[in-house]
Amino acid sequence: MNKNTPFIAVCVALLVGLVLPLATGASAPGFYVEVLLGGLMAGVLYSLVALGFALIFKASGVFNFAQGAMVLFAALAVARLAERMPLWAAILVGIVIMTLLAWFIERLVLRPLVNQDPIALFMATLGVTFFLDGFGQTVWGSDIYKIELGMTKEPVLVLQNLFQGGILVNGEDFVAAIVAAALVGGLALFFQYTPTGRALRAVADDHQAAQSIGIPLNRMWVIVWAVAGVVALVAGVIWGSKLGVQFSLSQVALKALPVVILGGFTSVTGAIVGGLIIGVGEKMAEVFLGPVLVKAFDLAGGGIENWFAYVLALVFLLVRPQGLFGEKHIDRV
Amino acid sequence: MIYRENGQFKSSYAADQQMLPIGQDRVFMVALLVFVFAVLPAVLGDYVFLSLLIPFLILTIAAIGLNLLVGYCGQISLGHAAFMAVGAYAAYNLVLRVPQLNFLLVLVLAGLVAAAVGLVFGIPSLRIKGLYLGVATLAAQFFIDWVFARVKWFTNYAHSGSVQTAPIEMFGWTIDSPVEKYVFLLSLLIVFTLIAKNLVRSHIGREWMAMRDMDVAAEVIGIRPVYAKLTAFAVSSFYCGIAGALWGFMHLGAWEPLAFNLTLSLNLLFMIIIGGMGSVLGCYFGAAFIVVLPIVLNQVPAWIGFPISTAMASHLEFMIFGALIVFFLVVEPNGLARLWAIGKEKLRLWPFPH
Amino acid sequence: MSAMENDRAGRIGGQILAVEGVSLAFGGVKALSDVSFDVREHEVRAIIGPNGAGKSSMLNVINGVYHPQKGTIRYQGREYHHMDPHEVAVSGIARTFQSLALFKGMSVLDNIMTGRNLRMRSNILLQALRIGPALREENEHREVVERIIDFLEIQAYRKTPVGRLPYGLQKRVDLARALAMEPKILLLDEPMAGMNIEEKQDMCRFILDVNDEFGTTIVLIEHDMSVVMDISDRVVVLDYGRKIGDGTPDEVRGNQAVIDAYLGVSH
Numbered sequence: 001m002n003k004n005t006p007f008i009a010v011c012v013a014l015l016v017g018l019v020l021p022l023a024t025g026a027s028a029p030g031f032y033v034e035v036l037l038g039g040l041m042a043g044v045l046y047s048l049v050a051l052g053f054a055l056i057f058k059a060s061g062v063f064n065f066a067q068g069a070m071v072l073f074a075a076l077a078v079a080r081l082a083e084r085m086p087l088w089a090a091i092l093v094g095i096v097i098m099t100l101l102a103w104f105i106e107r108l109v110l111r112p113l114v115n116q117d118p119i120a121l122f123m124a125t126l127g128v129t130f131f132l133d134g135f136g137q138t139v140w141g142s143d144i145y146k147i148e149l150g151m152t153k154e155p156v157l158v159l160q161n162l163f164q165g166g167i168l169v170n171g172e173d174f175v176a177a178i179v180a181a182a183l184v185g186g187l188a189l190f191f192q193y194t195p196t197g198r199a200l201r202a203v204a205d206d207h208q209a210a211q212s213i214g215i216p217l218n219r220m221w222v223i224v225w226a227v228a229g230v231v232a233l234v235a236g237v238i239w240g241s242k243l244g245v246q247f248s249l250s251q252v253a254l255k256a257l258p259v260v261i262l263g264g265f266t267s268v269t270g271a272i273v274g275g276l277i278i279g280v281g282e283k284m285a286e287v288f289l290g291p292v293l294v295k296a297f298d299l300a301g302g303g304i305e306n307w308f309a310y311v312l313a314l315v316f317l318l319v320r321p322q323g324l325f326g327e328k329h330i331d332r333v
Numbered sequence: 001m002i003y004r005e006n007g008q009f010k011s012s013y014a015a016d017q018q019m020l021p022i023g024q025d026r027v028f029m030v031a032l033l034v035f036v037f038a039v040l041p042a043v044l045g046d047y048v049f050l051s052l053l054i055p056f057l058i059l060t061i062a063a064i065g066l067n068l069l070v071g072y073c074g075q076i077s078l079g080h081a082a083f084m085a086v087g088a089y090a091a092y093n094l095v096l097r098v099p100q101l102n103f104l105l106v107l108v109l110a111g112l113v114a115a116a117v118g119l120v121f122g123i124p125s126l127r128i129k130g131l132y133l134g135v136a137t138l139a140a141q142f143f144i145d146w147v148f149a150r151v152k153w154f155t156n157y158a159h160s161g162s163v164q165t166a167p168i169e170m171f172g173w174t175i176d177s178p179v180e181k182y183v184f185l186l187s188l189l190i191v192f193t194l195i196a197k198n199l200v201r202s203h204i205g206r207e208w209m210a211m212r213d214m215d216v217a218a219e220v221i222g223i224r225p226v227y228a229k230l231t232a233f234a235v236s237s238f239y240c241g242i243a244g245a246l247w248g249f250m251h252l253g254a255w256e257p258l259a260f261n262l263t264l265s266l267n268l269l270f271m272i273i274i275g276g277m278g279s280v281l282g283c284y285f286g287a288a289f290i291v292v293l294p295i296v297l298n299q300v301p302a303w304i305g306f307p308i309s310t311a312m313a314s315h316l317e318f319m320i321f322g323a324l325i326v327f328f329l330v331v332e333p334n335g336l337a338r339l340w341a342i343g344k345e346k347l348r349l350w351p352f353p354h
Numbered sequence: 001m002s003a004m005e006n007d008r009a010g011r012i013g014g015q016i017l018a019v020e021g022v023s024l025a026f027g028g029v030k031a032l033s034d035v036s037f038d039v040r041e042h043e044v045r046a047i048i049g050p051n052g053a054g055k056s057s058m059l060n061v062i063n064g065v066y067h068p069q070k071g072t073i074r075y076q077g078r079e080y081h082h083m084d085p086h087e088v089a090v091s092g093i094a095r096t097f098q099s100l101a102l103f104k105g106m107s108v109l110d111n112i113m114t115g116r117n118l119r120m121r122s123n124i125l126l127q128a129l130r131i132g133p134a135l136r137e138e139n140e141h142r143e144v145v146e147r148i149i150d151f152l153e154i155q156a157y158r159k160t161p162v163g164r165l166p167y168g169l170q171k172r173v174d175l176a177r178a179l180a181m182e183p184k185i186l187l188l189d190e191p192m193a194g195m196n197i198e199e200k201q202d203m204c205r206f207i208l209d210v211n212d213e214f215g216t217t218i219v220l221i222e223h224d225m226s227v228v229m230d231i232s233d234r235v236v237v238l239d240y241g242r243k244i245g246d247g248t249p250d251e252v253r254g255n256q257a258v259i260d261a262y263l264g265v266s267h
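Chains as they are written, first to last, in my numbering: chain R, 1 to 333; chain C, 1 to 354; chain W, 1 to 267.
Everything labelled a hint here was simulated from the structure, so no lab data went into it. Any given hint might turn out to be false.
Said to hold, decoys possible - Think about it this way: if two alpha-carbon atoms lie no more than 20 Å apart in a straight line, the pair counts; the simulated SDA-like pairs of lysine to any residue are:
(1) C:Lys197 - W:Gly132
(2) W:Lys104 - C:Pro333
(3) W:Lys184 - W:Gly132
(4) C:Lys10 - W:Leu118
(5) C:Lys152 - R:Gly171
(6) R:Lys295 - C:His159
(7) R:Lys295 - C:Val147
(8) C:Lys10 - W:Glu140
(9) C:Lys152 - R:Glu286
(10) W:Lys184 - W:Ala261
(11) R:Lys242 - R:Gly171
(12) W:Lys104 - C:Arg201
(13) C:Lys129 - C:Pro41
The model shown is predicted, which means the values in this text are computed figures rather than measured ones.
Bound conformation, chain R alone (with noise of 0.2 Å):
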């Protein structure tokens, strides 16, 4: 048996129960796409957060649990902000507040715990995590906030002529796609083509290394705090456009993890391609497999999402523990 095999049946699983609504009828082809739209939107958001997960754990090598109590602040922040002043300066007053932030996790946590063991700067930012999360509500209040980007919510039906009764499509949600694309897309040349993203990927390389050419190693960690800090605002304010700005943005934030899992960990694109399946994939779930199992199980309620990215990625971990596209580890005695 190959190597593979595993890690290969899983795949076809996956792509099995993508189409399997569609091949057996359960779904109408037009409700089968928006489900699919609708699940990828929501990829994007992960893939967001994910990838200010990815960029801080290529550069720092911190497995930053904050990622998702980042997003949550920045939200919180911007919609707050957003109350005395225009939305682009509240969004940019809150890109300052997030290199502060940067800043003073790089001052308070990062140098002092430099060269201690993975796990111990892991527990760090759950201490940022716990910290954040109560200063985010101390200083900016605890209620549900709304961010108003100024963009219709009212559903619009198109490609009427092809599906029967058309695609509910929501404009906005289109218009976060093409910022979050618009992101990555800055990120990429950010870091292949500027000076300061060829240090950074120095960084990601070797630590020592790169040190030891000369490259400001404790800036570099800021930038990169500060980049995955925006990241977060841009997908915080996104999400909180769509679901209102609450704590329990953080949790759904949390789910930046599988994610990255799937993707693998060093991976910037596996960010994106993670978050994307893991959207699709968990929105198929709730909306086809979920009514199966209530009624087979007569469960009080579907809400497989809540758990069905983890599992997906503790699959993958059994099966590909370096994800999708991260790199093979070896052991060195």
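We have chain R already, so just place chains C and W on it with the hints.
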């Protein structure tokens, strides 16, 4: 001066491996036991038992369980509250469906069920290490949360999904009043502390620590990672399962779905980081801290004339927890237990430090 | 000196371990190509070679940490395609590490006790209650460990966390842990690296004593040529993952390929 060990020689390996090798410590321990069993029940009021001591005792058991896995075996878990949930619901169903069962037996069975579930979710630890495992345990958290919220059989088809318990009766003794609960829980905690202490200084404990410190070297001296990691998962979930059952029956009494959610899991982690990873004593400190801090935050500002809202207090609590985690990781990664040990070391030499 | 050497020569028995045609690669990087050599019972066998020659990889193959793509390992008459670390340990091969691989969070005593783990049989319940066989076992094995502690002269550090010991002593604890397994073959990966001259002398004495007193077969990687030439019976030389020489120290010293690749640098 009083705390010196001159003249206390050990003449056998057994004596050298005692839990409390210093004579004064043994005297202190006896005094402490008398105090907690005889004096405290006589002088304290119900409020202290209900809101401080009972949660403290149960959380300590859970923290010891988590510490065996994280602090001793080096396998991170972000989902241990899920195993508490398994224990709680297992106990609920056992009491409901087999009412003649003795509660002690119910506890052990609940622990075993949790251990079995823990084993299943520990299997990924064989292929993945460290932080990846954290995500696998998150799967346990969310999946188990969901199971108990949705599968009606577990909650006996209760409409709201919440379950209720009756006071426990065993050997003709109804454990009803706060003092009785306290005494019962305290005895259990002592038993579980002794068991944990025994495990970590036996060869199974050394296997766990070897896996934690240097897994390749551990394999090379013949330690099987499968066995070491899975036993750690099983024992740890056993502890948490029992703690969960106690939390449900003795502390909450009635609980809703999601009573054992991610926040509780993270709080457990918080306890062992603050208390001290790889220290049984540290679990006591960590649990005490997490029980006392919210109460202090709710009361103290009012006493000093700055009353704050409950919401504010809970936000402050989060901030303090977070800051303390970072503080301890930076300043004293071994937690309060290490500070305690340093204090004792100083006391051994005091007042003549040379 | 010569009397002792004769003694040892007399004790050296038949082949106990043989590596045949082993090749190992990581991705595109070849660590070992077609390496064969054998080890005889009770001998001190050295593996030498420049940095990156594949010496540690060789030990890792014998140990089962790495699985070679090609070749076989013959051990005690049985042939293996690759070894499994646990089986290797059970069958009596112990090892020390080049970069220290001690259990940092544990005391010296506990570190050495882990070497006895394979022989400890009481189940988890007995250990939890610490009664009967579990307690007896603990004390019996403690006695064995105490003898090793005496032998390596580290009595004073029993309860010290290994992380706090100086480097030379940590190396000794590493050796003690391996000895606690009472191995038939002891693999030593640069046991004297980074030591000063006195520490090296001590370590040499320990290694020879182990070889003499317990009859343990020793496979040793070492950079210090004078040490290798003094204490080993036969030497195998690796360079870029290939074997370029094999024989007694004198033979190896005269081998032109070896001189070119390795000794030539220092002579």
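Taking the earlier hints as the rules, which of them does this structure contradict? Violated: hints 3, 4, 5, 10, 13.
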